[in-house]
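Student: If you want the building blocks of each chain, they are given just below.
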Amino acid sequence: MNLPGLAVRNIYRNPVRLALTVAGVAVALLTFVTLRTAVMSWDEAKNYTLKDRLVTRHKITFVMDLPKNYADDVRDLKGADGKPLIRASTFLNWFGGKDPAHENDFFATIAADHNTFLTVYDEIKIPDDQLKAFNETRNGAVVGDLLATKFNWKVGDNITLESPIYGLRENGEPWTFKIVGLYSTTSKAVDRQTFYFRWDYMNDGVRAEAKDRVGWIASRSVDAAHAAEVTAAIDKRFDDADTQTLTQDEASFFQGFMGMVSSVLAIMSYLSYIILAILGLILANAISMSVRERTNEYASMKAIGFHAKTLASLILTESTLIALAGAIPGVILSYLIVDVALGDFLEYNLANFFPVFRVKIWTYAEAVAAATVIGLFAGIVPALTVARLNVVENLRRVA
Amino acid sequence: MSAEQSKSVGSAISIKGVVKEFTRGGQTLRVLNSLDLEVPEGSFEALMGPSGSGKSTLLNLIAGLDKPTSGEITVAGARLDRMSDAEITSWRAANVGIVFQSYNLLPVLTALENVELPLLLHKMTSAERKKRAQIALEIVGLSDRMGHYPRMLSGGQEQRVAIARAIVNDPKVIIGDEPTGDLDRNSADEILKLFEQLNRELGKTIIMVTHDPEAAERATVIRRLNKGVLA
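If you're matching them up, the sequences are chains A and B in order.
Take 1 as the starting number for the first sequence in the working numbering and just add one per residue.
Take 1 as the starting number for the second sequence in the working numbering and just add one per residue.
By construction, these hints were calculated from the structure, which means they are not laboratory data.
From a predicted model like this one, the values you see are computed outputs, not experimental measurements.
Keep in mind that the hints are not guaranteed to be accurate.
Covered, in the sense of this in silico footprint (three residues per stretch, anywhere, with C-beta under 8 angstroms from a C-beta of chain B), are these stretches of chain A [to be verified]:
#, stretch
1, 157-170
2, 304-316
In silico lysine-lysine, DSSO-like type, Cα no more than 30 angstroms apart, as pairs [said to hold, decoys possible]:
#, chain 1, residue 1, chain 2, residue 2
3, A, K98, A, K178
4, B, K123, A, K309
5, A, K211, A, K98
6, A, K83, A, K98
7, A, K309, B, K227
8, A, K188, A, K98
9, A, K59, A, K236
10, A, K309, B, K193
11, B, K131, A, K309
12, A, K150, A, K132
A virtual CB, placed ideally from N, CA and C, is assigned to each residue, including glycine.
Let the sequences and hints guide you as you build the complete structure.
Tutor: Rendered as structure tokens:
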């Protein structure tokens with residue numbers, strides 16, 4: 001028998017309280033790990049973007065469009081030495097389409113210039129025969145393989161979408177598309193649940209004032225190392241025009257586009273620390289109750305000759321051990337629920353937001369370290385109480 | 001060391017002019033009033049007196065659990081009134097064994113482990129601790145109950161474990177605060193026999209507070225305290 005052994009014995013005194021405290025710690029850590037993983041996964045999404053891929057949009061807001069001829073100007077941009085700055089460019093529009101058959105399921109619908117799209121987004125892979133069909137079919141669409149699986153769409157299917165942005169086609173007909181291909185991707189930066197269709201088909205159908213307008217221009221700089229200078233050069237090109245632009249690398253554009261979500265994630269980040277505070281309160285309460293019930297024992301131990309610091313260490317050891325006892329199932333639960341179940345689900349269904357939703361080893365370490373430190377802190381007040389315990393008063397209370 | 005030898009050495013406890021005052025609700029209450037006491041080494045003394053006479057206060061001062069307002073207290077050669085709290089705690093671990101009325105054993109430890117507890121404060125191997133605890137339990141007649149938890153023992157047996165815990169460090173002085181107060185007559189007799197044995201055979205100085213005249217009769221000296229003064 002030794003003092004750490006005594007701390008362990010004390011932990012098991014009240015099995016029900018121990019089980020509830022351990023469960024509380026485990027659930028708190030599971031929540032902490034989930035929130036941290038969501039925040040980190042979001043941050044990680046930008047790591048999958050390409051540094052040389054630039055996005056040019058209206059300077060004021062993403063919602064406002066640009067003249068189509070800007071795409072040509074961007075493509076032809078040259079440096080001071082007369083060499084091209086851009087090696088490929090394309091233009092796209094957010095269509096905001098919805099499938100009436102899947103009213104509540106969101107998926108991105110984007111009109112893309114079929115001639116140049118894949119030169120900029122070369123991670124998107126479409127079988128040759130399907131790409132040929134896309135080029136030959138004006139209302140052709142290529143959809144992500146995951147989206148096709150989700151809605152049970154096949155090549156050859158005709159799909160009608162509604163667009164709250166563009167309404168019906170100019171001739172009063174609905175927007176009908178023919179799925180001519182399914183794409184996959186070699187990069188996690190590209191969502192596998194997007195519905196791409198030909199920009200010229202959209203341009204044919206929109207009202208006169210919306211024709212030859214593009215939502216944004218995506219381009220690839222010749223030299224990724226000088227992408228920042230190229231973004232400045234693009235915006236400078238349109239400085240004196242009626243419509244000015246804002247060009248960003250893909251990561252910045254992505255984050256700006258999802259600004260609202262970023263705010264939610266910032267709140268989630270704060271929440272994760274609030275969860276830790278709650279964890280501290282759970283532990284502090286359990287330890288305080290346990291110590292209060294044993295005041296007479298500590299008084300008699302002091303009477304026997306145990307120093308205040310020894311008893312305080314005993315209590316701190318106990319509170320830290322309880323925290324660790326909760327941290328272990330917390331980590332196991334986090335692995336099973338966040339890493340395995342939730343990770344698979346989110347990577348499949350929300351790949352563009354959470355391309356990799358897996359708990360990092362660092363997050364596990366952070367959770368265990370946080371539990372340990374909080375366990376230690378939770379024991380401080382009871383430890384100080386026992387350290388200052390008046391032996392005579394407390395022994396008299398027992399007698 | 002025999003009792004006769006130890007008695008010839010001098011005082012185990014020497015108290016000179018001790019005053020102890022408590023402040024309650026803004027009023028100062030003098031519990032011990034210029035008290036003098038000499039307890040020779042190897043004696044077995046009972047301290048009696050009505051409730052509120054100050055006997056427990058005196059016992060706490062002798063055990064180093066409390067400090068006097070003024071006066072000198074020397075126990076086992078150490079001036080307690082001059083020592084810091086930490087010094088007294090260390091001194092207590094080596095020189096005093098305390099037996100409480102309500103035993104105060106740790107319920108999560110076996111009898112053997114409870115007796116081992118004070119030895120954790122000293123540098124010794126686990127095997128040595130265990131051996132000394134076993135010897136202490138044999139002395140109190142509980143060698144067959146070493147693995148029992150307090151809840152498995154009778155009140156008398158629990159108090160004997162507490163006595164084993166008090167003597168395991170081989171202290172010079174044993175202090176008993178109503179050690180038979182929670183026990184029936186037979187169990188109390190066994191405890192008192194044990195005290196007599198520790199005093200007679202091991203030469204321990206024992207000072208015991210009791211309300212029980214029969215228990216007090218077993219001591220070699222009976223002192224009576226009244227209103228903070230020894231009669």
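Student: Where does the structure disagree with the numbered hints, that is, which hint numbers, in rising order?
Tutor: 1, 6, 7 and 10
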